[in-house]
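Undergrad: Chains A and B, in that order, give the protein sequences. Once you know that position 7 of the first sequence is 7 in our numbering, the rest is easy, because the numbers rise by one and skip nothing. Our numbering runs 1000 ahead of the 1-based position in the second sequence.
One should not assume that every hint holds.
To give a feel for the contact side, a few chain B residues facing chain A, derived at Cβ under 7 Å [said to hold, decoys possible]: (1) Pro1040; (2) Arg1082; (3) Lys1177; (4) Asp1179; (5) Asn1180.
Hints are computed from structural coordinates only; laboratory data are not their basis. Heads up, the beta-carbon is just placed ideally off N, CA and C, and yes, glycines get one too.
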Amino acid sequence: MSILLGRSPDRRPPEAAPAHTGSRTTRILGALTLAGLVGLGLCAFIFSPPDSRPGPEAGTRIGQFDAVRLMYVHLPAAIWTYVALGTCAMASAVYLWRRSAWWDRLAHACAEIGVVLCAVTLITGMIWGRPVWGTWWEWGDVRVVTTLVLFLVYAGYLAMRSVPAAPEARARRASILGLGGAVLIPIVNRSVEWWENRTLHQQSTLEELRIEDLTLFTLVLGILVMGLLSLWLAVHRFRVAWLEAEAESAGLEAALAERRAEAGAGAEGSSP
Amino acid sequence: MSETPGDPELPPAGATESDAAAGLDLTPRRTGSRPGRRAPTVRRIISLLVVAGAVGGITFALVRLVTDASLFFLNADEAVERRDELAGQRFRMQGTPLAHSVAETRVDFEQAVSFTVAFEGVAADVVHVGSPPDLFTPGVPVVLEGRWVEGQPPDLDTFACGVNDGYYFASDHMLVKHDNEYRDTYPDRLEAAGAGGASAAC
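Build out the structure end to end from the sequences listed, making use of the hints.
TA: Take a look at the structure:
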């Protein structure tokens, strides 16, 4: 909790909202993320070799060639999509139980990060699919289509959150959808195993670990860096949501004070 | 901030019961809204349109998935085993093109490629009409869409390294299915080629 607000919300007086979204911890996290992104770029585009192996015929090569470099973004984005949306579901469940705005804001922040990562997963998958599969999109593939459905469910969640409504009602509706949408996460993740040899999408790369050397290192680095980036984004998004709520609350207090002052002035003016 | 989200019939969250009892007008004022922020009605319409778009998109995606997935997806061994039952029926077949089986041909003046795929040790001859994907090559699995045809394809006497059992799979849609293998599966191949050990034999 303390990383999200810079300090524990329990020890924080309600009027002391942070003035900005940065803190020493997030600056360190940001610097690590930036360094990681540079390292990932170097490993993915310069140091790691293209996926090319001898084929069954002499003199032929098989593999994904340079398209494999997309995997260093695609797979980490997919993994952190599951984590972000899973956290959104968990925070939604806790909100429904505890009715704490803190958990609602965490769910909102994680849903936004999850939707962005899911979009990255879909886009990089399409760019990879064109040269490797020979098509941008395959409607008959369970993994591809369920990922799209996951994206649409949580995009709908975000849209529903922006429908003007009483904060508690909005949070309750969003939490139910945030929790229910998580049913899709295991379906998307396990689809290639459940429909093994019935889908175009390949099976899990990491579970069977038929990958080695610098390709494996770059993939693991990509997962770590995407994790740091997701955390950094989530913390800042959470703090923005917190500040928005503080600003809204302060604005409401100011408007009420203004009305009370107007009513008081009116009453004084009308009295003899 | 005068814009208060929520039911305009209800007092705002910060208002006390005494405010309402005192006859304080708590109707949200529209003047002085935050600059750049859309009016609640516009926001509501846009948000509801996005929600409706998401619901429509989900429905469309699921209908397409069910429709496309309803086409049989069989591995080459299953397709061969159920050949009589599948006669004339369009379905998808998965298999790995065998080494030295790929040859260019023509079908009705259209560019085509003939080859033999195998799955779990069972092979099937294929004629695919059209350009295969860039990464189509022996050793990389493919998913083909088409139907069984009895007889020999025109302009093709025999399938090189094929089964040649009087049936072939006539395909018009091919996708390359890359597996999750990123290691050398034929580590001895280069050495064999270098030593002149590899031949064009099947």
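Undergrad: Is the shortest C-beta separation between Asp1179 (chain B) and chain A less than 7 Å?
TA: Constraint on Asp1179 (chain B) satisfied, holds at 5 Å.
Undergrad: Taking 7 Å as the limit, does the beta-carbon of Lys1177 (chain B) come near enough to a beta-carbon in chain A?
TA: At about 5 Å, which falls below the 7 Å cut-off, the nearest Cβ of chain A leaves the hint on Lys1177 (chain B) intact, so it holds.
Undergrad: Return the status of the interface hint for Asn1180 (chain B): holds when the least beta-carbon distance to chain A is below 7 Å, violated otherwise.
TA: holds, 5 Å
Undergrad: Quick check on Arg1082 (chain B) please, does its C-beta sit within 7 Å of some C-beta on chain A?
TA: violated, 15 Å
Undergrad: Interface hint check: Pro1040 (chain B), Cβ to nearest Cβ on chain A, cutoff 7 Å. Holds or violated?
TA: holds, 4 Å
Comparing the model with each numbered hint stated earlier shows that hint 2 is the single one that does not hold.
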